[in-house]
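Sequence lines, in order, name chains A and B. The numbers in the working numbering rise by one with no breaks, and the one at position 332 of the first sequence is 332. For the working numbering, count along the second sequence from 1 and bump the result up by 1000.
These aren't lab readings, by the way, just hints derived from the structure by calculation. Each residue gets a CB set at the ideal place from its N, CA and C atoms; glycine is no exception. Errors might be hidden in some of the hints.
Across the chosen pairs, the derived CB separations fall in these ranges [unchecked claim]: (1) A:385 <-> B:1026: 44 to 54 Å; (2) B:1026 <-> A:292: 14 to 24 Å; (3) A:14 <-> B:1002: 36 to 46 Å; (4) B:1002 <-> A:508: 39 to 49 Å.
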Amino acid sequence: MENFNLALVDWSRAQFALTALYHWIFVPLTLGTSFIIAIMETIYVKTGNEIWKKITKFWMTLFGINFAIGVATGIILEFEFGTNWSNYSWFVGDIFGAPLAIEGIMAFFMESTFIAIMFFGWDKVSKKFHLAATWLTAIGSNLSALWILTANAWMQNPVGMHFNPDTARNEMVNFWDVLFSPTAVNKFLHTITSAYTYSALFVIGVSAWFLIKNRNVILAKRSMVVASTFGLLASLFMLITGDESARQVFRTQPMKLAAMEGLYRGESNAPLVAFGLFRDEPTPQNPKAKEWILDIKIPNMLSYLAALDPNAFIPGVHDLVHGNKEHGIESYYDRIKRGKIAIKALADYKAAKKEGDDDKAYESLKLFKANYKDFGYGYYDDPHDLIPNVPLTFYSFHTMVGLGVLFILVFLLSMYYSVKDKITAKKWLLWVALLSIPLGFLAQEAGWMVAEFGRQPWVVQDYMPTLTAVSNINTTSVIITFWLFAVTFTVLLIAEVKIMLNQIKNFNEDDGGH
Amino acid sequence: MQIFNLAKKIFLFYYEGFKNMTVGKRLWVIILVKLFFMFAILKLFFFPDFLKTNFSTDKQRSDYVIEQMTSPVINNK
Chain A
1 MENFNLALVD WSRAQFALTA LYHWIFVPLT LGTSFIIAIM ETIYVKTGNE IWKKITKFWM
61 TLFGINFAIG VATGIILEFE FGTNWSNYSW FVGDIFGAPL AIEGIMAFFM ESTFIAIMFF
121 GWDKVSKKFH LAATWLTAIG SNLSALWILT ANAWMQNPVG MHFNPDTARN EMVNFWDVLF
181 SPTAVNKFLH TITSAYTYSA LFVIGVSAWF LIKNRNVILA KRSMVVASTF GLLASLFMLI
241 TGDESARQVF RTQPMKLAAM EGLYRGESNA PLVAFGLFRD EPTPQNPKAK EWILDIKIPN
301 MLSYLAALDP NAFIPGVHDL VHGNKEHGIE SYYDRIKRGK IAIKALADYK AAKKEGDDDK
361 AYESLKLFKA NYKDFGYGYY DDPHDLIPNV PLTFYSFHTM VGLGVLFILV FLLSMYYSVK
421 DKITAKKWLL WVALLSIPLG FLAQEAGWMV AEFGRQPWVV QDYMPTLTAV SNINTTSVII
481 TFWLFAVTFT VLLIAEVKIM LNQIKNFNED DGGH
Chain B
1001 MQIFNLAKKI FLFYYEGFKN MTVGKRLWVI ILVKLFFMFA ILKLFFFPDF LKTNFSTDKQ
1061 RSDYVIEQMT SPVINNK
């Protein structure tokens, strides 16, 4: 630890987090609104009713603004991989290479081709061909997300690879293991359904604003029916995938689950914290400290949700750090020892290869392989450095879940009152729907905070801690690019919001648009 | 000849599409400024590929990363 420049690590993390945060403003809206538009256009093609064409075109314009401003913001993340995270990029190179290459090709060919037909082809291709292009744009953008989310899932649960000690790279052994690992499947499904939920909130929020202002009433009401139905289905599916994701976290990242639930001491029949306010963290010096100022717990629920057994033992932070023989949990102390053996064995192997000492190289490699699963732990001396920020992970998780439940209610009520044609009389619901747009964004970011803060200190679970992933570069240059990026993208975001608000304000369904 | 006609059609499809866009020029200015800033300034001056810039072969890059992994010392500048 003393060998690392933690300021460099922190600034590199801050820069990556800021870039990802901005990128994720645009991406979820693209993923979800593309499907909502496709549904609206399908209704237009099926019914031939021109109002649905106007509705489709209105949302397509907002989709276009979001897509255009957001396009290529993800590229900056790739710049950062090469500059700030070169050790990491090298280490994971072969695993990331295939999914990202597929993403690039797919994004370029599918999205650029079909988006052009979607926007420019209204009077130039047949209705059905145009509709097909709209659906393919939606499918293409979602497939693009599949690859980058697969890469992220691999970092949380590295499978289907083999570490090559000669090249210091992970090599893919089985592409399908990487693509279809339960973590990847759940991450993809949970992330896209949360993006659909956010997009549906965006559509019903803007529609609610029209209804509050008593403008574009037909467009607003019909959009609300489509978006609330789509949103309700998406949010229910999000609930199911979230539930399965938590089980995956329990299996592969138990420390993250302990942080998500603020569970310091493991328990059988573990309750789920429905609501909680932290007081003190129990420490070795103060082991009997009470964790909560206030808490509402559902008995046995955490055990059931995590292990499908209401009596199951769920390890807490202390069980993972100190080990728990009764439940077969190794301590971080032991894993640190084995990690140090693995790191030394790798160094010895390289030295022996250089000296041409084959016997020593063989023995070192054998020792390295036997201890490789704990490799990353070897960078630490104090196991407490391997604990993520528990309150931050806990509050992020509970914010995400709480808002997710609220959104289901918003969709349910919006759909009910829209179908009954009573939505305009429910002013309070319209305001809740409008305010749900920023809350949807908050829930999205909270979800990513759980995923990314909760897995710290790992950049690749158990193998590569964040502090060894950074490039040996000057901290000042990272600080400069952080602020350069922050200023530029804040200006771009303001511009996007202004253009979008202008489009919304100036739209009039009676004169055919703008 | 057929390929030429197809290429012409595709070009005109995009050209007319962009020309007739209703969202406005401001959006395109923003997009172009952003792309210029990202590729001509950020990538060129601020985000060089660390391993490609500092090492010429994959062998050197591998050796460097292994050295970083086995005896990590990060500068404190």
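For the range 44 to 54 Å, tell me whether the beta carbons of residue 385 of chain A and residue 1026 of chain B fit it or not. holds, 49 Å
Kindly confirm whether 39 to 49 Å is satisfied by the beta carbon distance between residue 1002 of chain B and residue 508 of chain A. Once the Cβ atoms are compared, 45 Å apart, the range 39 to 49 Å for residue 508 of chain A and residue 1002 of chain B holds.
Does the hinted range 36 to 46 Å hold for residue 14 of chain A and residue 1002 of chain B at CB? violated, 55 Å
Is the hinted range of 14 to 24 Å satisfied by the C-beta distance from residue 1026 of chain B to residue 292 of chain A? violated, 52 Å
In the structure shown, a violation is registered for the earlier hints numbered 2 and 3, in ascending order.
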